[in-house]
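Participant: Residue numbers (this note's numbering), protein chains in the order written: chain A, 1457 to 1838; chain B, 1457 to 1838; chain C, 1457 to 1838; chain D, 1457 to 1838.
Possibly wrong hints are sitting among the right ones.
The list cannot tell twin chains apart, which means a pair is met if one copy fits it or any two copies do.
What the hints assert, rightly or not - Straight-line distance between alpha carbons at most 30 Å, and here's what the computed BS3-like set of lysine-lysine pairs gives:
(1) Lys1501 <-> Lys1531
(2) Lys1830 <-> Lys1470
(3) Lys1700 <-> Lys1830
(4) Lys1700 <-> Lys1721
(5) Lys1637 <-> Lys1721
Note that these hints are calculated values from the structure, not bench results.
Here's the letter readout for the chains.
Number of protein chains: 4
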Amino acid sequence: MAERIRLGMVGGGKDAFIGAVHRIAARIDGEYDLVAGALSSTPEKARDSGATLGLAPDRCYGDFREMAIREARLKDGIEAVAIVTPNHLHYPAAREFLKRGIHVICDKPLTSTLPDARKLAKLAADSDALFVLTHNYTGYPMVRQAREMVAQGELGQIRVVQVEYPQDWLTEAVETTGTNKQSEWRTDPARSGAGGAIGDIGTHAFNLACFVTGLTLDQLSADMQSFVEGRRVDDNCHVMLRFKGGARGMLWASQVAPGNENGLKIRVYGTQGGLEWAQEDPNRLWYTPFGEPKRLLTRGGAGARAVAARVSRTPGGHPEGYLEGFANIYAEAARAIRARQAGTPVPADVIYPTVQDGLLGVAFVDACVRSSAKGAAWVGLA
Amino acid sequence: MAERIRLGMVGGGKDAFIGAVHRIAARIDGEYDLVAGALSSTPEKARDSGATLGLAPDRCYGDFREMAIREARLKDGIEAVAIVTPNHLHYPAAREFLKRGIHVICDKPLTSTLPDARKLAKLAADSDALFVLTHNYTGYPMVRQAREMVAQGELGQIRVVQVEYPQDWLTEAVETTGTNKQSEWRTDPARSGAGGAIGDIGTHAFNLACFVTGLTLDQLSADMQSFVEGRRVDDNCHVMLRFKGGARGMLWASQVAPGNENGLKIRVYGTQGGLEWAQEDPNRLWYTPFGEPKRLLTRGGAGARAVAARVSRTPGGHPEGYLEGFANIYAEAARAIRARQAGTPVPADVIYPTVQDGLLGVAFVDACVRSSAKGAAWVGLA
Amino acid sequence: MAERIRLGMVGGGKDAFIGAVHRIAARIDGEYDLVAGALSSTPEKARDSGATLGLAPDRCYGDFREMAIREARLKDGIEAVAIVTPNHLHYPAAREFLKRGIHVICDKPLTSTLPDARKLAKLAADSDALFVLTHNYTGYPMVRQAREMVAQGELGQIRVVQVEYPQDWLTEAVETTGTNKQSEWRTDPARSGAGGAIGDIGTHAFNLACFVTGLTLDQLSADMQSFVEGRRVDDNCHVMLRFKGGARGMLWASQVAPGNENGLKIRVYGTQGGLEWAQEDPNRLWYTPFGEPKRLLTRGGAGARAVAARVSRTPGGHPEGYLEGFANIYAEAARAIRARQAGTPVPADVIYPTVQDGLLGVAFVDACVRSSAKGAAWVGLA
Amino acid sequence: MAERIRLGMVGGGKDAFIGAVHRIAARIDGEYDLVAGALSSTPEKARDSGATLGLAPDRCYGDFREMAIREARLKDGIEAVAIVTPNHLHYPAAREFLKRGIHVICDKPLTSTLPDARKLAKLAADSDALFVLTHNYTGYPMVRQAREMVAQGELGQIRVVQVEYPQDWLTEAVETTGTNKQSEWRTDPARSGAGGAIGDIGTHAFNLACFVTGLTLDQLSADMQSFVEGRRVDDNCHVMLRFKGGARGMLWASQVAPGNENGLKIRVYGTQGGLEWAQEDPNRLWYTPFGEPKRLLTRGGAGARAVAARVSRTPGGHPEGYLEGFANIYAEAARAIRARQAGTPVPADVIYPTVQDGLLGVAFVDACVRSSAKGAAWVGLA
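The whole structure should be built from the sequences, with the hints applied where relevant.
Facilitator: Put into structure tokens, the structure is as follows:
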């Protein structure tokens, strides 16, 4: 095994859900060592958080720009950085690292605005460094198998896509209680972007639909609501989708649906068969060849394919979950980074969400907001 | 027990799925005797079918008008008639019986056209006879409980309704094979109406959403497709719903979704809780009071209420199904008919779908067709 | 359709759960007319119950012997009788009808004692009348399909059978509260027999295991408990099974398992595959050919076979339940009765539980009781 | 964060399923660094495997005794060792480390023989070093919650325990094909012990039953089979359990049940309620207070308690799996090791399976083998 990749982190201090997830994801396969961080926006907190994580004091920064500058100069400076801040900081933070050739692993959505997304996409295209977006649900083995099955024509021509992502944690106005940091920035357009639910989870749903089906969106019609009084962003979104080539779909994202924890689910129907996958039961993929009984394909078990097996760590019946799926994005990134370091091409089977996927996601949010503002008019991606 | 109600049937000869269902539904509780029929449009076939069902030869008619005329004159003529023909005959058949004071139990959708629906609604309003529409899914005990729970405010104010009805039996062009009678008339606009999937099953979904939530539709936006080449009606429909009072919803009806048999499902979310019910697992109702664990309410078991128990025949764990739910419509109709016969008011707890529900359903189909033709414009019910 | 079969009923007055079930089962397919009854052990109550059911006053009897004698003499007397009394009366009641050539449809278990069961088996063998035992779970279409799949060798040689039947309604001592008639006689050895849970539901489980697998029991070892203080019969039973030919099994019957309503479930494993079926989800049968993905076979849908289709009334996705399964026993009995009346052989595909199955069930209860009394010693059926 | 704990590993070279699992489990929370290993029984292979894992060449040993001796002398030698060899080596390997004060994390079952287990238990008791047994299923958050709910009396007095662990991977004689290393040693009594399925997975089931209920076994009656011709150990086991205090149970372990991947499942029933948990759906715990609807308690969601939250890494709806549960054993071990290193008491809430649990497991296997040899006689643990 090669040396571990030296990783830095921007954001992800105490109380930050997603920072801890990235750290575990980076650790599971032993491919990364977290050695530096700008974990918080205040220097003192940043140092505290760094100490808790075992970072050396001189690798704890109060500012991501300072971190980028210094780490780029260190002989054993970071080779990659994970950006896990609120959305509006993704662009400025990523910029500092990309332009110094440090690989970026960035949380989704790509940015909080479409102009930022475009600038970042350009930056990434121009940089030698890799840009990896953690649309983590594409890391689930059975999602990858679903994608392959569609690509290989086992469902025939795709006609209908049903994708949904209901949650319930914003059913009440928790963002006003002062007790829930997550809800505060995620419902603040200045930090989160114009999309609330649509940006936070709708982008995941849209990304998953595109990833699995390989389809390209043509137009959408969105009806977005803010059910909780005083909420500044949408908390429930209904979207009708028209894909190029004739397939149609529906997308539902909600954060006000009591009884739903993290209910991302996709169903794809073609001329020859159907597929169903749900994030809360990720080791199973339902497959129905038209006219035959439903089959339950299990990760690691009968019906699982090489594409799923390659990103699995345990045999069938030993459930893998969210963290393993997330770790697969990190593992794929590691393979790409090592190839780049070795000066060899990135292996053809490496799959991770790119800055282009991220740009598409931000354009999707933008289109939903535009459509909804025009009474659910059909609009294309800008 | 009073004498059984003398029942006639129009349509429902050999090979007719829904006729047999009505007959079983009428038999389960022993409230009806089938004594006459115009079971087929050709006299000979009508007689054959009648003989198979044990009807006396002189009560087998080749024409529903002849049947209405003669039965109305008989001393022991039919008291009620079940109309189970293709949709375009519902109106002319119902007319003959209603105007002679014979109670009508009619399959859905009410009619194949909106003008017919309006005429029938007027006729029914003016008739002494009862008109019962078999939107049978409202007969399921746990659907009735769901309705009551919403009505009693246990979900708080309703925000979101997700309803869907996917099937897969029209994935291929079976209507052209000459082997599937059902598919022939159901995809023929002259017999079925302008709506295909939306009329056949979308109306059920819409009816269920209204029944459970008590909400009134304000506007809808529909995107309908005909995926199978040469098909003359829609086979997949995406609809966004706006209800009066601010609730929003999505409705999906499809007959081209492989792996779905009869997947009617409804989910309702309010400020204080959520409900989920699926037709293929009808004895169970999921209920989540916001912030508490999900609860599995079972027909006949813990969590079932009087409103469900009243229309149940077996204890918890002894599954009841489609036929029992259908039979509940017949049972409620019997209670209403007996009250009418006795000259007493229909008991307040009798629930069955009315001609107004049917008119609403046909208006819904009409609105979907209009909306879709205008590129999914928002339209109200005409 | 031929004339309906004239049916009488012994037991099944008000408050009797199983009597109502038999009546619905007899009605669903329109094959029987209930015309006489000895519905209760007191003449007055018998008449009241009869009136409620629409029986003519002179066909309501206070005594089953009187009923048998008189009905046998009537020109239009009953052709068959349903016996739905507590267990200890099955034998004396059946005897009166069998010896007069009236077909008997009898609830399970066959009798409350093994000597009675043997006498009844002999009587039935010597009678021209048919004897049908309502081990109703064998009427479920997918149970029949499971049986056929095993018989046709699709699972290879059977190795392991897991069958269970948990309920929770006797978790507390309801039989002492005076509010639950069912619990009173079912926990009274004089009326129910020596077995409590093992007789009431364990016999169903055992019957189902034999029906599906076609195996013959060699020996069993039973550990029975009476968990509720003061209860006179077992309420929880653990049994290990050894079948002839080497297959092994476990059987669990319980009436004190909170959260279980009517959880009859069977799993069968052979050298080439496995099957799973659960009574509360009866339209589905899981089938796993060894080394391949699990398949969900659905009644009326893909994967269902002729043997299941023949006893189905609705297409896939339209759930059938307990009453339809029960009705299938009545429908099969009707076919046999009509054949007998016509003097033709009973069709080869008619399947119903026989007096021999019933004798086996009572012998099973007897063996369990004997084994448990000897500290779970291995015993064969007497 | 303190320095990582220096970890060694015995066994777990290439192709070893469980070694990789232990390594991931040790990495997830960043508490351990793997720095030494005797990964294989041949020196060359050991070095190869070590190199693949990034171990320094001088920390790769061909022999666990050599490793124990040298590491104990190194200033930065290992502080803990993971033993993941076939069962018969657990005792000799653990002995070398325990007697040198190196903490041991050992795979289950404790040993291949009861005498070894007793010797190891004594050694562990006499050692300053900790001994942690990876009965990993006790690491699942909802298993811990189940245990707490039982302990706090929420189910009332426990009456019935149903535990099962079916798999299907030994349905055929894979151990004779030369292609499946796992099956070779696991069906070899010399390496695995006298128990096959009962030792490999039955011990997990027994451990889980004891862990959740807190009950102590009194006697058992076991009927064990070897269905595959030529197999030298059991591949299917039926066991009836009698616990002290009157509770009863059944345990089924099988490796020949097609369609089962890793189906560990436990159901516990008491006077006031029931619980159900299945390893393949580990984030959910079903709880039924008697007489109320079933509730679905979810890890991280509504109904989860502090005892589950403490060992969770993600919010509700973000599934955790087998590796996270396994990692919880490592995390608990780390807390205990750090306390020991600090000279402070191990925190009261640290929970991990001990050498005594392991001894109980081996005694359980021994008792099953003895019982089965005597025709399923009741026996106690030796």
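Participant: Next step is simple, just say for each hint if it's right about the structure.
Facilitator: Do the hints match the structure? See the list:
no.: 1; hint: Lys1501 <-> Lys1531; verdict: within (26 Å within a copy, 35 Å between copies)
no.: 2; hint: Lys1830 <-> Lys1470; verdict: neither (40 Å within a copy, 52 Å between copies)
no.: 3; hint: Lys1700 <-> Lys1830; verdict: both (22 Å within a copy, 20 Å between copies)
no.: 4; hint: Lys1700 <-> Lys1721; verdict: both (22 Å within a copy, 29 Å between copies)
no.: 5; hint: Lys1637 <-> Lys1721; verdict: within (27 Å within a copy, 35 Å between copies)
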